[in-house]
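Q: Residue numbers (the working numbering), protein chains in the order written: chain A, 12 to 127; chain B, 396 to 507.
Bear in mind the hints are in silico, worked out from the structure with no lab data behind them. In this text, all values refer to a predicted model and were calculated from it rather than measured experimentally. A few of these clues could be false.
Computed footprint of chain A on chain B, listed as stretches where at least three residues anywhere in the stretch have a Cβ under 8 Å from a Cβ of chain A [unchecked claim]: (1) 412 to 423; (2) 436 to 445; (3) 495 to 502.
For every residue, glycine included, the Cβ atom is placed at its ideal position computed from N, Cα and C.
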Amino acid sequence: AQSVTQLGSHVSVSEGALVLLRCNYSSSVPPYLFWYVQYPNQGLQLLLKYTSAATLVKGINGFEAEFKKSETSFHLTKPSAHMSDAAEYFCAVSDAGGTSYGKLTFGQGTILTVHP
Amino acid sequence: NAGVTQTPKFQVLKTGQSMTLQCAQDMNHEYMSWYRQDPGMGLRLIHYSVGAGITDQGEVPNGYNVSRSTTEDFPLRLLSAAPSQTSVYFCASSYSTNGRLHFGNGTRLTVT
């Protein structure tokens, strides 16, 4: 069984500061890992994904995440926060063995607040 | 290109009523799924489908039915609504097994 734990349900940063959202996963098989973002009253949009190629993955809007197998982590970072980054962020995992059939296991979500 | 379309956007039901949440995608994706989103719990999989005529249960299927008669449509039926089904429901589709999902904008359901 797979699981995802996001450390911190709320993260608050100042505009221009580093954004760090933490995600740890548990999987019995090599995983695919994803970060999604949800703006108010909208569906989820894909920020980036890891599918066993490069361990440092770059996504949209200046975000990136590093897959660390030894730490079972996939933390999301952005060097400089912008007001428009305020949203809820979800880490998710699927089975890399080709049997995920579009199913993901999601973390609990982290709400990012950006202060001027 | 509309992507994944969900209707209605909002719905209020009384306990015991039934209803169908509609989901349609125009991307010819084989895989479709329904999730519910509750505060502090992320998204949990209700049911999914790997193609027309094939569905299976997810993590929280009780109280919900699905069918997939066409590639495009994947409706979710609440048989007898309960307050515990108050949630935001998201439909998603995917063209491959690598897990990247395309989401609709959700249906906010309140059961009183």
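Q: Each hint should be assessed against the structure and marked as holding or not.
A: Taking the hints in turn, this is what the structure says about them:
Residues of the stretch 412 to 423 of chain B lying with their CB closer than 8 Å to a CB of chain A number 0, which falls below the three-residue condition for coverage. Coverage of the stretch 436 to 445 of chain B by chain A holds. Counting CB-CB distances below 8 Å, 7 residues qualify, and the rule asks for three or more. Look at the stretch 495 to 502 of chain B against chain A: 6 of its residues bring a Cβ nearer than 8 Å to a Cβ of that chain, three or more, so the hint holds.
In this structure, the one hint that does not hold is number 1.
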